[in-house]
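**Q** Each chain is listed here by its residues.
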Amino acid sequence: MHTLTNAWQERIAIRTLKGRPISRGQAEGEALVTNQSISFLGSIDPDTGVVVEKGHELEGKDVTGKVLVFPSGKGSTVGSYVMYQLKKNGTAPAAVINRSAEPIVAVGAIISDIPMVDSTEPDAIDTIRTGDRVRVDGTRGAVDIL
Amino acid sequence: MHLTQEEESILEGDSGPTLKKAMEILTTLGDIYGADSLIPVKSAQIAGVSYKTIGDAGLEWISDLEGTVVVPSILNPAGMDLERWQEMGVDAEFASKQASIIEAYRRLGVRCECTCTPYYIDKELAAFGDHLAWSESSAISYANSVIGARTNREGGPSALSAALIGKTANYGYHLDENRIPTIGFEVDCKLTGADYGALGCLAGAEAGSGVPMFRLRSKPYDTELKALGAAMAASGAVALYHVEGVTPESGHQEFPDETIIIERRQIDDVFDEGCGKECGNEPDLVALGCPHYSASELEEAARLLEDHTPAKEVWICTSRRVRDANPGLVRRIEDSGAKVFVDTCMVVSPATDRFGCVLTDSGKAFKYVPNLCGVGARIAHINECLAGEDSD
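Chains as they are written, first to last, in the numbering used here: chain A, 722 to 867; chain B, 43 to 434.
Quick caveat, the hints were computed from the structure, so don't treat them as lab data.
Where hints are given, some of them may not hold.
Claimed, not checked - Once the Cα atoms are required to be at most 25 Å apart in a straight line, the calculated DSS-like pairs of lysine-lysine come out as:
#, chain 1, residue 1, chain 2, residue 2
1, B, K139, A, K809
2, B, K354, A, K809
3, B, K139, B, K165
4, B, K62, B, K84
5, A, K795, A, K809
Please read these numbers as outputs of a predicted model, since none were measured by experiment.
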């Protein structure tokens, strides 16, 4: 009970997470958090922005306009282009936060003008909850929980 | 990462949005991998060409870019022979999308020669010690290992960014410390032809993204090294390897303590393995030229096809330049009923998908065809691949 309260208080206390800038720009949105890696090719329908990967924690969830928080990218390098297509279709996430950026999602975020930050302190996946209102500054590498 | 004033100004957008994005990609990858600076590249080889792999998403991105590449830049294979696509069984809609992708690259000043063996068509693209931004996995392996040039495994967008800026981030295989062998392979039998692709299937799976060093009993031709590297880049993520006494950097490297011995029996098992998918089909397509055949390999195919018609449909893939430089060999091959296709290969073309099982002499195609084409695959030596009905 004691630990729980502490963890809760800590969460309340943290308003700004300091991370590493990956893709420039600022955006704000509702957080969508998962502990599972995401492959943009095949896992997200570019027309709707809905996660279609069977068995994924976010299956059926819409990433459109969300601040998408996940550990890292995986899968085909074509995933970078898929992020660009999401952006063009108006179904892209507003911003991306990774625990550890890899080239597929990093390059995808840059070419698509999606602000992105990684390696936050404290850890974004442990700190941000789905539904939190979050502001991401990909130029400075900062995340504010509003 | 340290940037020069000029690089900073490009990053701030002073040279327009396309170069700004390109610079962002290069510097971000540099930061992710701990590069200290950007270094000039001699050439770029850009993947992300086949409409089958990049789709509408890739086409849109490339079409939206503006600018001109500043170093010699060449493309990876496309999804079809740009002229003889109908003969391959490619449909008109695919062909039209594919043509749009090629046109989008042409607009950026990229040489629209589509090949995974750029080193056969222009020696200027890569020489010993040159830094490159190449992205086709077998070409990367050949450039690093056989030529002694230096390139990371660039993705399509980062290779194109490097082509537009003329530089890439200095990390990974550009640095001496990452070119040291991490795992040794001692092969206790003599090898020839497709044996090297089979060896690559085994060694790549063991080596992962490490740097293998080989001790061989036979001296491989460059075409056999090409096959070895291509297979290791498909079964693992090998971008550089050394062969004792053969490859240009091997003399400066020590044979690793951690060594795996490979026996004849294991090589033979790869040939007996079948497609791994239990496709249940007898091979109905023979596909050679993965990576694209050299003139010497075309010559061997022509010799083996002399005086008979192959039992199955045969495609031999090469670059347009090598085909055009060897009209006599191409005629001899095509007189047998086999077809020489250029600009493409069996792995990236949708035309492969309609077959049941592919017979190939390539360890790389053997690994990729089942996953990327949903078709079975078997590996065999070239003489078996091109045998006529009688010799079966």
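**Q** Decide, hint by hint, whether the structure agrees.
**A** Hint check:
no.: 1; hint: B/K139 - A/K809; verdict: holds (18 Å)
no.: 2; hint: B/K354 - A/K809; verdict: violated (45 Å)
no.: 3; hint: B/K139 - B/K165; verdict: violated (31 Å)
no.: 4; hint: B/K62 - B/K84; verdict: holds (21 Å)
no.: 5; hint: A/K795 - A/K809; verdict: holds (22 Å)
Of the numbered hints given earlier, the model fails hints 2, 3; all others are met.
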